[in-house]
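Using the sequences plus the hints, can you model the full thing?
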Amino acid sequence: GAVVSQHPSRVICKSGTSVKIECRSLDFQATTMFWYRQFPKKSLMLMATSNEGSKATYEQGVEKDKFLINHASLTLSTLTVTSAHPEDSSFYICSASGPLAGVETQYFGPGTRLLVL
Amino acid sequence: AQSVTQLGSHVSVSEGALVLLRCNYSSSVPPYLFWYVQYPNQGLQLLLKYTSAATLVKGINGFEAEFKKSETSFHLTKPSAHMSDAAEYFCAVSVGSGTYKYIFGTGTRLKVLA
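Protein chains in written order, with my numbering: chain A, 352 to 468; chain B, 19 to 132.
Each hint should be verified, as a subset may be incorrect.
[Unchecked claim] List time: in silico DSS-like cross-link candidates among lysine-lysine, alpha-carbon distance up to 27 Å:
id, chain 1, residue 1, chain 2, residue 2
1, B, Lys119, A, Lys415
2, B, Lys129, A, Lys417
3, A, Lys417, A, Lys371
4, A, Lys406, A, Lys371
5, A, Lys371, B, Lys86
6, B, Lys119, A, Lys406
7, B, Lys129, B, Lys76
8, B, Lys119, A, Lys417
If you're looking for bench data, these hints aren't it; they were derived computationally from the structure.
This is the structure we're talking about:
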């Protein structure tokens, strides 16, 4: 139980284009989803928190116009990197939590490797 | 404010030896504590969690951790290391505040020697 998927697993795009990453909770309702960024050999950096049906709350220093987050349903959240640049290349990981899976526990997706050329 | 310290960014053990990964936390209120494992190019997998029930928590793959309030510690152990345990391990603390955001430690890379 408590499985989270991400799609795509890897994406390569040209500088200036937008990329959408999907995060789905497969077997539980995710009232809260989190988006992280992980740099090589580093820990996870929380980018934003989203509650279903509400606007995302961004961490300090994260550009909300660049990293658009939507959490329109209890099983799907999306992260759109707009006008991507090479410095946006990174490993993006989502996590989800919900009342039946344990609101205090986050279950993580497998991550999406983004490479911007 | 909460914080997590993982002592030792790299730990090496021989196959079959005891695994001990250290995690100390700071929290002004009773915390929730977690250990996750990350294999290369993958997401994080929950190993175990402490949520104020039993102080000795057993997790998957033979791992366990003990919550020690007096020492503000939540060290992860496994009696006998296996080659497949080689990975990055993260300790995290969360405090109930509606959204239960995590504070992660910096991670410990476990290497298992044959």
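When the structure is checked against the list of hints, which entries are broken? Sort them ascending. Violated hints: 2 and 5; rest satisfied.
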